[in-house]
Amino acid sequence: MSVNLTLVLTSSVLLGCGVYLVLERSLTRVLLGLVMIGNGVSIAFLVAGGRAGRAPIVEKGGDTSGLSDPLPQAMVLTAIVIMLATTAFVLAMAYRSWQLNGHDDVQDDVEDDMIRHLASRDVTSEAYAATTSDFPGDDSSGDPGEGPDDDPLAADEAEINQERPS
Amino acid sequence: MNALVPLPVVLPILAAGVSLALLHHPRIQRWLSLGVLTAVVVISSALLVQADRHGPQTVWIGAWSETLGIVLVADRLAALMLVVSAVVTLAVLAYSVGQGMTEDEEGAPISIYHPTFLVLVAGVSNAFLAGDLFNLFVSFEMLLFASYVLLTLGGTATRIRAGTIYVLVNLLSSTLFLISIAVTYAATGTLTLAHLAERLAELPDHVSLMIQLLLLTTFAIKAAVFPLSFWLPDSYPTAPAPVTAVFAGLLTKVGVYAILRTQTLLFPDSPLSDLLLWTALLTMLIGILGAVAQSDIKRMLSFTLVSHIGYLILGIALGSRLGTAGTIFYVVHHITIQTALFLVLGLVERRAGSTALMRIGGLARLAPLLAVLFFVPAMNLAGIPPFSGFIGKVGLFQAAQADGGWLPWTVVAGGAVTSLLTLYAVAKTWAVAFWRTPEEAHEALEAISDAADPAPGHGSDDGTHQHRGHVHTSAGTITKNDIEEARRLGNDDLPDRDFHTLIEAGEDNRHSPAGMLVPAAGLVTLSVLLTVVAGPLYGLSERAARDLHQRDTYVSSVLTGEAR
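The listed protein sequences derive, respectively, from chains A and B.
Just so it is clear: in the first sequence, position 53 is 53 by full-length UniProt numbering, and no numbers are missing.
Just so it is clear: in the second sequence, position 159 is 159 by full-length UniProt numbering, and no numbers are missing.
Chain B with its partners taken away, still in its complex shape:
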């Protein structure tokens, strides 16, 4: 019994309610959210220390009996994930306060941003702490609902379009989750993970295999594992920068966490190792090939996000303690790095007016600080020594090599290729967006658009509106044809509005506001710090992995007496 355990869920939820009541006091709202998230960071850190020293911390909500109640468990893994997610969400919230996204989102229902964000945080925390499948389902729904609202914030055409796909895919996966819960309950009569750990082993093989497959499919959709990943690169980049950052950093990792938890706790002798290894390989390769083909930095990063989920699945698929430790370390690294990159991209977009590679250039000279902030995490993502990305990959590869079969070696080879291709993708971005001059970018663009001969009527509503995709600007040009529509949506950012012309017209934002710069820089610094403290962090990951594989630690801390 530890009163701290429910707080990372309860505090944000309560604050969300209060924040909703404070709709007309945006200033108080901001301080409230910042204060609560800071408190969550502190509480999670305390939980991590306790879990590391005294073993898993558990709470049976409402003191119900152990056969009926809901249990929250903070073991090393859950507490570590809590700390990382709390730090990252705090940084993102500070960033969005700095951006004042509330002000330049014209027509957006501004004041719901803070309550929704807090519900998202509560959902993520609850998912990490949940000790039974149904509670896990509820926390998924909490965070998904918040994410639906955040993704369609403002209800612009592009966001509705991307939101439709996102919402439908996630609804289906939630339904699948419900079905797997029903099946599990019918087969075992319980949903508490600790009970399931004991009872699933008594089931016939084919029943437990079906439950495992159902759960894996459900979580693989959330985690964007190939071939269930196609919804991700299409929906994430349309949201506002901080929202994309927190989605990319956290939401897929919640799915990975759920896979890790269920695979290690419920299905320790998984017959699906090979299947998972293959999906890991395909996720890596297909994701990164998608990234190489992108011409927009946001989409490129979304594809690298998918591809690096493959590394995490590799560690889980191996099913060894080393592999699990590698995955845990890599999750921590990847959450930080991916969020940091998207936050920096938000700054790049603000400075250069776009994230399309065609339109920007010369940022290394014009905004050296931004260039450094992009370069460091980008190299980290690609796994250049000595950064934490390199350490994480080495850990995973060593675990695969310890396993020894031909398939793990194949995946290692795939992982190495993926790493190189990541390097290629970010290096291309660097060379084009940061290294060449804006004039070169402009000339190249001119040459291309001359050759492509813009269609008649192409520039008809050039510059008449501030926000692309707003309904009132182009109501007359709507057709059912998607290409037509695509052109309409892109219209406001015509070739003659690239970075170079923005500079010429003096319309570029020369100064990144400190409120945005500090959180982004802070997160980048943190990601570098992960490299510095990699030794202790890896030690912690190994201890967490040991807990996961000695399932007794978890089970006995949850079930204290009568129910065993």
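Next comes chain A alone, as it looks inside the complex:
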């Protein structure tokens, strides 16, 4: 199979830039990165289709030699449609996040934050406390820059996010 070097290069540049953008914090930039990755992958499909040829439209009894491979094109079309829907959904989510928080950053894992927080204060986790009913109450020093020191219990509750049935 012969490969079009221009397409390969374009695809890899798009993928590379996309990956860089996905590593950003802002959801909008992540989305842009995903769109770039999506386009890079679409071009990769064109590469997979082999040498470019005539438009794959077959007339009755016509000549079929030298046609492009239509299958990858059909797949790319499907992928583009899916990408469109995805973009719309992520945009809506970024907007909602901005509505709620005033920013659209991808947020830290609560659990992760909490563990770091507890570790920095050298206290036991709630899971341990729940079984022993004994909690060393060291509340003296928090992380610098973390605002008022808080109740580890309340922080631990954050991921229990179910609405209470009314």
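Quick caveat, the hints were computed from the structure, so don't treat them as lab data.
Possibly wrong hints are sitting among the right ones.
What the hints assert, rightly or not - Straight-line C-alpha distance at most 20 angstroms; calculated SDA-like pairs for lysine to any residue: (1) Lys428/B - Leu322/B; (2) Lys60/A - Leu68/B; (3) Lys428/B - Arg365/B; (4) Lys428/B - Leu366/B; (5) Lys60/A - Trp64/B; (6) Lys428/B - Ile384/B; (7) Lys60/A - Ser65/B; (8) Lys428/B - Ala293/B; (9) Lys428/B - Ala514/B.
What the hints assert, rightly or not - Negatives, chain A to chain B, calculated, CB over 12 angstroms: (10) Thr6; (11) Thr10; (12) Val13; (13) Ala52; (14) Gly53; (15) Ala55; (16) Lys60; (17) Gly61; (18) Gly62; (19) Ser65; (20) Leu71.
Note that the coordinates shown come from a computational prediction; the quantities given were computed from them, not determined experimentally.
Beta carbons are placed, not taken as given, at the ideal position from N, Cα and C, and that holds for glycine.
Take the given structure of chain A and dock chain B to it, following the hints.
Coordinates of chain B only, in the frame set by chain A:
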């Protein structure tokens, strides 16, 4: 050619469209969804019987030629998965109708629940039936899109937060899937699994190894295999109970199914056995250690979900017929049990106002039925004899022992430890949430929160709103600091609002509605029944495993003539 094959996909999709048109008639919507899912259960069962008696049932959609068309294949494995998924989704739908989640989800776009759920069902069915990689990709997208919507239902802050991670991770895995499809097509010129089974063998080793690794990584993200599992425990528990139940039960198993299908059909002499065994071991151990550390039952169960994916990977990694049979049996068991547990948890949450271990207690006395419903599947999950969990684990361990190397034995040891730790995790939950009295729970909590000395302003908006995490309740307290935010989100469920105080105030829900109780109890009963019919079921799993390893059965039923 069998006209029944496409129906499990077509019916829910059509019903989703109709359901969308019936937005203003919720009652008709419910009956429509229930009716369609019941029909899917019946059709899948018929397919299973046919596939078991007459071999794989196939349909080339639109009668396209075998080089171009899309094929749906219902062999024993696919049909078995269809039946289980149909039964489980029906139970979950009945449960959510009973919960009337449509009514107490304030501000949620209510009426889209049913159409979305139906699309999810169609996607799952399509994934099981898909006979080519691109169709598999499309079905993944169908079920993922439905799951994005269900996970962020209502758009509350916590769900948007969890949804962001979930959506991004899955988008990346979908992109990876597309890349692997492009590579596969470039290398072989086909995507039909039956063709690939023949052509991949002709490729140079390094090319087929790359394709295998790409596909494995893609599916491992979906299946939450360590180290690609970290998105799961963070995102699943935030959704409404029935949604979590169906996600936990089905979505990861679709990934496992895809791994099982591609590994057995496309890469029968896998050079990655050892790698898979190691991931199986690590998935089990790290998952269960996470579960032990959790103080919320939902999160605990999400971690056990990750850890038990390890058992399934063990069976696949062995690559023997015994191992595959063990995995198939364990998948059936685990889908049922995990969904049942999450449904019961939804009832627990409704009764006690929370699923945090700190806040609840005494459920064994106050709600004995719930206690039984939790206890039975929990013990089943841990693998206590004679339940199906025990049988499944024994099957897998025997398969590993038949393999004989030191690595399978190590994984068996890891599996045994995981099983014991699962028992520890659920027993702790039992002792704390069900066995001690609410007063004890309250006192323990008081003692802890006294010691921890709540921060100033902690209780400022206590009890002012019904739903945690709603935007209008606490717009002023938002900061970028995640800890701050965590506290804000947790605020509504302050220590003084635990189960005990709810009881004192007479605000606890004393009655679980029958509409929720019956599906949950039904699913628990079904999981016990799996133990009763374990013999025939294991026989079926073994026959399905034999089909998978004799690849000719599959290939020759798909490719009938010209294309071979």
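Structure-based check of each hint:
1. Lys428/B - Leu322/B: Between lysine 428/B and leucine 322/B the Cα gap is close to 34 angstroms, so the pair fails against 20 angstroms, i.e. violated.
2. Lys60/A - Leu68/B: Holds, at roughly 18 angstroms.
3. Lys428/B - Arg365/B: Holds, at roughly 17 angstroms.
4. Lys428/B - Leu366/B: With a Cα-Cα distance of about 18 angstroms, the restraint between lysine 428/B and leucine 366/B holds, given a limit of 20 angstroms.
5. Lys60/A - Trp64/B: holds (17 angstroms)
6. Lys428/B - Ile384/B: Between lysine 428/B and isoleucine 384/B the Cα gap is close to 16 angstroms, so the pair holds against 20 angstroms.
7. Lys60/A - Ser65/B: holds (17 angstroms)
8. Lys428/B - Ala293/B: Status holds; Cα separation ~11 angstroms.
9. Lys428/B - Ala514/B: Judged against 20 angstroms, a Cα distance of about 28 angstroms means the pair is violated.
10. Thr6: Label holds. Min Cβ-Cβ 16 angstroms, cutoff 12 angstroms.
11. Thr10: holds (14 angstroms)
12. Val13: Given that every Cβ of chain B is farther than 12 angstroms from that of valine 13/A, nearest at about 15 angstroms, it holds.
13. Ala52: holds (14 angstroms)
14. Gly53: holds (15 angstroms)
15. Ala55: holds (17 angstroms)
16. Lys60: With a cut-off of 12 angstroms, lysine 60/A remains clear of chain B, as the shortest Cβ separation is near 17 angstroms.
17. Gly61: holds (18 angstroms)
18. Gly62: holds (17 angstroms)
19. Ser65: With a cut-off of 12 angstroms, serine 65/A remains clear of chain B, as the shortest Cβ separation is near 17 angstroms.
20. Leu71: Non-interface label on leucine 71/A violated, nearest chain B Cβ at 7 angstroms vs cutoff 12 angstroms.
In terms of the numbered hints stated before, the structure departs from hints 1, 9 and 20, listed from lowest to highest.
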